[in-house]
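Residue numbers (the numbering used here), protein chains in the order written: chain H, 1 to 110; chain A, 1 to 118.
Treat the hints loosely; a few may be bogus.
Stated by the list, open to error - Within a straight-line C-alpha distance of at most 30 Å, the following computed BS3-like cross-link-like pairs (lysine-lysine) qualify:
1) Lys58(A) / Lys97(H)
2) Lys76(A) / Lys97(H)
3) Lys46(H) / Lys58(A)
4) Lys97(H) / Lys43(A)
5) Lys43(A) / Lys106(H)
6) Lys46(H) / Lys106(H)
7) Lys43(A) / Lys65(A)
8) Lys106(H) / Lys76(A)
As the list claims (entries may be wrong) - Here are some chain H residues pointing at chain A (derived, C-beta under 10 Å):
9) Ala33
10) Thr51
11) Gln54
12) Ser91
Just so you know, these hints were derived from the structure itself, not from any lab.
All of these numbers come straight from a predicted model, not from anything done at the bench.
Heads up, the beta-carbon is just placed ideally off N, CA and C, and yes, glycines get one too.
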Amino acid sequence: QSVLTQPPSASGTPGQRVTISCSGSNSNIGSNAVNWYQQLPGTAPKLLIYTNNQRPSGVPDRFSGSKSGTSASLAISGLQSEDEADYYCASWDDSLKGVVFGGGTKVTVL
Amino acid sequence: EVQLVESGGGLVQPGRSLRLSCAASGFTFSSFWMTWVRQAPGKGLEWVANIKLDGSEKYYVDSVKGRFTISRDNAKNSLYLQMNSLRAEDTAVYYCAREVDNDGFDIWGQGTMVIVSS
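Take the sequences, apply the hints, and build the full model.
And the structure:
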């Protein structure tokens, strides 16, 4: 069981908006930044959102992140077929003294 | 080109040891924390360990403490993971990644597969 909690799956039709939640606690999300990773099938993860809501160069602006208290969320607006992937949230945990990941959310484009 | 390339994976019997390597290129290796993340077949990502710029600080996930050792050689632009007393549950693809302060892991290698089985 992962320290950060994500829904196992999410789906939408092309053009729709999909939101993925990530729930943690005071020792991780509540006091540290949240980062999001996208993992396309058969490939290494890729940094998608850093420091809660920042996009690395090259990441489309239809990906956005937010954080409030001990929860965070990733939104994909204008869903595209190439967005079919697994998405993971992650944060440093002050109690565990390590990085914790969510269990991952598989996004399916219907 | 900024790149990380892992090597050293393979099939190993339970209780034996294996050493993974990660060769960095295209950036100043000594200026970054480095990390290992693993992914068991069909499962999610699990952070394993990380190491400070000069190797003076290291952190591990509880499940590998006392068995795995992370190290680095800045002169060789290389990161290592010494894995001892391997267990079946250590079977996974192991990725090395570059850390950017608290801004996540921005560069990842392609991964190396470790299979622990008799």
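Sort out which numbered hints this structure fails and list those numbers smallest first. Hint 8 contradicted; others consistent.
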